[in-house]
Amino acid sequence: MACFLVPTAEAIVMTVVRKAAGSKNEIGGQAAIKHGDHFHAADSAAKIPFTRKLKWLTNMLWGGSALLAFEHVWHGEVTPWFPFLTAAGDPEEAAIMLREMATSGVAMAVLVTAVWLIILGVVKTYEKRPSIAQSAQEV
Amino acid sequence: MTLLTTLFAAIIVTILWYKRAPNDNMKLGILCVMFWGASLMWLIDAVATYIEDAAELFEPTGAAMLNDLFLGLSVVALALVIWLVILLIKDPNGKVKAALFRKKS
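Quick mapping for you: the protein sequence lines, in order, are chains A and B.
Under my numbering, the first residue of the first sequence is numbered 1, with each subsequent residue one higher.
Under my numbering, the first residue of the second sequence is numbered 1001, with each subsequent residue one higher.
Check before you lean on any hint, since a few could be wrong.
Here are the simulated BS3-like pairs of lysine-lysine, each with C-alpha atoms no more than 30 Å apart in a straight line [to be verified]:
#1 A:K19 <-> A:K128
#2 A:K124 <-> B:K1027
#3 B:K1090 <-> B:K1027
#4 A:K55 <-> A:K24
#5 B:K1095 <-> A:K53
#6 A:K124 <-> A:K24
#7 B:K1027 <-> A:K55
#8 B:K1103 <-> B:K1019
#9 B:K1027 <-> A:K47
#10 B:K1103 <-> B:K1090
#11 A:K55 <-> B:K1103
#12 A:K19 <-> B:K1090
#13 B:K1097 <-> A:K19
#14 B:K1027 <-> B:K1095
Computed from the model, here is a short list of chain B residues facing chain A with C-beta under 7 Å [as the list claims (entries may be wrong)]:
#15 V1033
#16 A1046
#17 L1071
#18 A1077
Away from chain A, derived, C-beta distances all over 12 Å, residues of chain B [stated by the list, open to error]:
#19 I1012
#20 R1020
#21 N1093
These are computed hints drawn from the structure, not numbers from a lab.
Remember, predicted model here, so these are calculated numbers, not experimental data.
The beta carbon of each residue, even a glycine, is placed where N, CA and C say it ideally should be.
One chain only, chain B, in its complex shape (with noise of 0.2 Å):
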């Protein structure tokens, strides 16, 4: 469910970033490659407990599903957080500049 979790987001990011291309401000590509490194990781994840157990993945218990998909939400807020902060760091509209040194009229 964490995989499933993680890769839906991935393929919703890849598309956005696909539709905004060439034009990244949004860094949506840091967030893509996020995304993907961690579904490949998770991937080998999975068929390492294929190999050990395949009941145990394709034929979980509903607590175990809803901890997972629980997990999976968690892992998906945590990089939008991580995207977040390079986002404003990085600032590339220059929009965060903008707004902490305006002058008032």
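One chain only, chain A, in its complex shape (with noise of 0.2 Å):
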């Protein structure tokens, strides 16, 4: 009915706090340079910048959460018109509406964030491995 709106919400929240994470990395990554920091720079190239995993994590949210409103669309569950929700016009509906956001519509934010979180996990196993993190440092 609307269980897309939740990953939605999470995507909004998640690509404010990318971007605020991206503006303050840029401000230190400024800093480091005008100190002539090249030791912590050459550390940091050898890891993936957490901005860019949040980026995997917010294209995943907004991804699934247009399809999945293209799913609504198609099944006449969301309007062009107020109150965009089809279901929102009934109370009884919007009760239904609303247990099914806060069933399937946090079960999806939770299974595309636990997924993300076990990427981060192999990505971790992959940037303490010395190989790779010499070949980084090489490139």
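Each of the two chains sits in its own frame; use the hints to bring them together as a complex.
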């Protein structure tokens, strides 16, 4: 009914977090270069920046939500006119919609985030491998 | 059927991305995570349907299957359009820019 709204909300929050973290990293990076912190720069080259990792999550959430939203339009659950969600017009339907958002919607957001965390775990093991860290520094 | 269509699309795009990695000039990574995100969300939808009525999930009618297949293909087409728009806007190889601003000899 409107389960896609929960991952969409998470996507909005995470995009804001990514933008904020990105600007913070930029300021930090410029400060490091100003102070000639080359050792720190070489160390960070072996690791994937967290903002890039966050981008994987936001892309997964935005992409999934967009395709799911299309499915809801297909089934006539989302309309281009107010109140946009057909279930929102009827109190009984609205209650069912909210319950679906609380169960399926939250489960969707949790599953996508859990898969992203697993990916981060795998990436972390790659980052710890000396050969990969060395080749990343060579590049 | 929609889940299956999206899942197969995710698997095919992942294989294509892996074949070209680490080169991602075609921005296949975006398409890849988009399909995987949608597949995970539809997986939850399928589990919810299974809990409510297992027969609906495993014994669909012919008309429902056809409608779901049509929806799945439309979803894949929409994802490809979104990816194409991103690719043309970001233009990682500068081909769009080169084509637009080329000088006639």
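Exercise. Go through the numbered hints given earlier and state which of them the structure violates, listing their numbers in rising order.
Key: 8, 11, 16 and 18
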